[in-house]
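Peer 1: The primary structure of each chain is shown beneath.
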Amino acid sequence: EDQVTQSPEALRLQEGESSSLNCSYTVSGLRGLFWYRQDPGKGPEFLFTLYSAGEEKEKERLKATLTKKESFLHITAPKPEDSATYLCAGKGGAQKLVFGQGTRLTINP
Amino acid sequence: KAGVTQTPRYLIKTRGQQVTLSCSPISGHRSVSWYQQTPGQGLQFLFEYFSETQRNKGNFPGRFSGRQFSNSRSEMNVSTLELGDSALYLCASDTGTVNTGELFFGEGSRLTVL
Numbered sequence: 001e002d003q004v005t006q007s008p009e010a011l012r013l014q015e016g017e018s019s020s021l022n023c024s025y026t027v028s029g030l031r032g033l034f035w036y037r038q039d040p041g042k043g044p045e046f047l048f049t050l051y052s053a054g055e056e057k058e059k060e061r062l063k064a065t066l067t068k069k070e071s072f073l074h075i076t077a078p079k080p081e082d083s084a085t086y087l088c089a090g091k092g093g094a095q096k097l098v099f100g101q102g103t104r105l106t107i108n109p
Numbered sequence: 001k002a003g004v005t006q007t008p009r010y011l012i013k014t015r016g017q018q019v020t021l022s023c024s025p026i027s028g029h030r031s032v033s034w035y036q037q038t039p040g041q042g043l044q045f046l047f048e049y050f051s052e053t054q055r056n057k058g059n060f061p062g063r064f065s066g067r068q069f070s071n072s073r074s075e076m077n078v079s080t081l082e083l084g085d086s087a088l089y090l091c092a093s094d095t096g097t098v099n100t101g102e103l104f105f106g107e108g109s110r111l112t113v114l
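If you read the protein sequences in the order shown, they are chains A and B.
For what it's worth, the working numbering labels the leading residue of the first sequence as 1, then goes sequentially.
For what it's worth, the working numbering labels the leading residue of the second sequence as 1, then goes sequentially.
Note that these hints are calculated values from the structure, not bench results.
If you're wondering where the values come from, they're calculated on a predicted model, not measured in any experiment.
One thing to keep in mind: the hints can contain errors.
[Claimed, not checked] Pulled a few chain A residues facing chain B out of the computed Cβ check, cut under 8 Å: (1) F34; (2) P44; (3) T49.
[To be verified] Mimicking DSBU-like on lysine-lysine, the simulated pairs with C-alpha atoms at most 35 Å apart in a straight line are: (4) B:K13 <-> A:K68; (5) B:K13 <-> A:K63; (6) A:K63 <-> A:K42.
Just so you know, even glycine gets a beta-carbon here, dropped at the ideal spot from N, CA and C.
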């Protein structure tokens, strides 16, 4: 069964303090690894798609990377508005999107 | 461009009742998928519809069903509600391209079962 595990569950950083969120996956026949951001009371918002090991994508202070077993979401010099829950999801040959439990990120000013 | 619209946003039902949730996708999107989000289980895939046909299904009991209309609007139904069905039900739309994970989510319908 396909599985996606995220760590840590929660992370508190000071504004400007860079860090990384981890997403470990076992997805048969990976077709893509996806990152989403979810704010309280809202639906998830798409951030990145990664298709193959070694691929990197960047958007403002966020950079997503992919290896054969993990993906990382690096956040550089975060701001309070980056506070949200970050979700990782994998899609394999079964064409079902499997989500991790998310990392709740809080950036203190 | 209007986003994904879900109605109702909040509802309260009692055990044994049934509920129907509605989703209007982004114009031009032909695929609609449904997810259940709970604090314990996270986001779990329910089913996906494309051009009025169920294209994929998650591991939920038959009490959970859905359909899609010719205008791509979708509904999901839960019959014989149980306390454990209390959750945020999220609908997402996309173009329907295979392998895409770029979904556009609505704000969800929050169901409370008493």
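Peer 1: Now tell me if each hint is right for this structure.
Peer 2: Structure-based check of all given hints:
Restraint check, F34 of chain A versus chain B: the minimum CB separation of about 4 Å is within 8 Å; hint holds. Taken as an interface hint, P44 of chain A checks out: its beta carbon lies about 5 Å from the nearest beta carbon of chain B, inside 8 Å. The restraint placing T49 of chain A at the interface with chain B holds, with a minimum CB-CB distance near 6 Å, inside the 8 Å limit. Note on K13 of chain B and K68 of chain A: the hinted pairing is violated, with a Cα-Cα distance of about 44 Å set against a maximum of 35 Å.
For the given pair, K13 of chain B sits about 42 Å from K63 of chain A by alpha-carbon distance, which is inconsistent with the 35 Å threshold. For the given pair, K63 of chain A sits about 23 Å from K42 of chain A by alpha-carbon distance, which is consistent with the 35 Å threshold.
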